[in-house]
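Enquirer: Keeping their order, the protein sequence lines are chains S and U.
Each number in the numbering used here comes from the position in the first sequence (counting from 1) with 2 added on.
Each number in the numbering used here comes from the position in the second sequence (counting from 1) with 192 added on.
It is possible that part of the hints are untrue.
Taking lysine-lysine pairs in the DSS-like style, the calculated list, with each CA pair at most 30 angstroms apart, reads [as the list claims (entries may be wrong)]: (1) S:K13 x U:K251; (2) S:K59 x U:K262; (3) U:K262 x U:K248; (4) U:K262 x U:K251; (5) S:K59 x S:K73; (6) S:K59 x U:K228.
Derived by calculation from the structure, the hints in this document are not laboratory data.
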Amino acid sequence: DTGVSQDPRHKITKRGQNVTFRCDPISEHNRLYWYRQTLGQGPEFLTYFQNEAQLEKSRLLSDRFSAERPKGSFSTLEIQRTEQGDSAMYLCASSLNREVSFFGPGTRLTVL
Amino acid sequence: GQQVMQIPQYQHVQEGEDFTTYCNSSTTLSNIQWYKQRPGGHPVFLIQLVKSGEVKKQKRLTFQFGEAKKNSSLHITATQTTDVGTYFCAGPETNDYKLSFGAGTTVTVRA
């Protein structure tokens, strides 16, 4: 499968714990995006990488959130000291320059 | 910032009927993209419209981009149960790399 993959698909954690999600984009895509989606809403932009450079972070991303794309390939999104309000679907997408974005299956986070 | 709005939020359709969902942006868009998300799934790219007044068809789905490039519509004819899901429109912000999504139109079909 050459689509965007994400791991894990589901994560249940207790409040205060740290979690890390991984995204593997389509191999030739240089742009990688993280979005968050809550029930009944469209995806909301979180952050964006052009190759390994993180070029923008949304104000939705508090200092508890950090994302990396160390070699310009896969990316990780870490949430420290999770809160119940962090419960959401975290979607990764990739694109080749300005071409359309293709989304991964998402990681559904539940914070108890 | 840029806002994208979609109406209606919910569309309950009798199988075989037609319906239209609308998307409006607060700013002029360079292009508009439509995605479909099945229940429990992730957004799947359907189509991109770039030109003012552009119309594209995919089988029973007809997509239109407004002349002012601030609105778009999706019309589905002869709705089938496979059309169930949430349809999102999205437009790139002026810096071209992030998409602003509408809240979606969730479609259910009565057999």
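Enquirer: Confirm or reject each hint.
Expert: Hints versus structure:
1. S:K13 x U:K251: violated, 38 angstroms
2. S:K59 x U:K262: holds, 26 angstroms
3. U:K262 x U:K248: It holds: about 17 angstroms lies between the C-alpha atoms, which stays within 30 angstroms.
4. U:K262 x U:K251: Holds, at roughly 25 angstroms.
5. S:K59 x S:K73: This hinted pair holds, its Cα atoms lying about 19 angstroms apart.
6. S:K59 x U:K228: Measuring from Cα to Cα gives roughly 26 angstroms; hence the hint holds.
Of the numbered hints listed earlier, the single one contradicted by the structure is hint 1.
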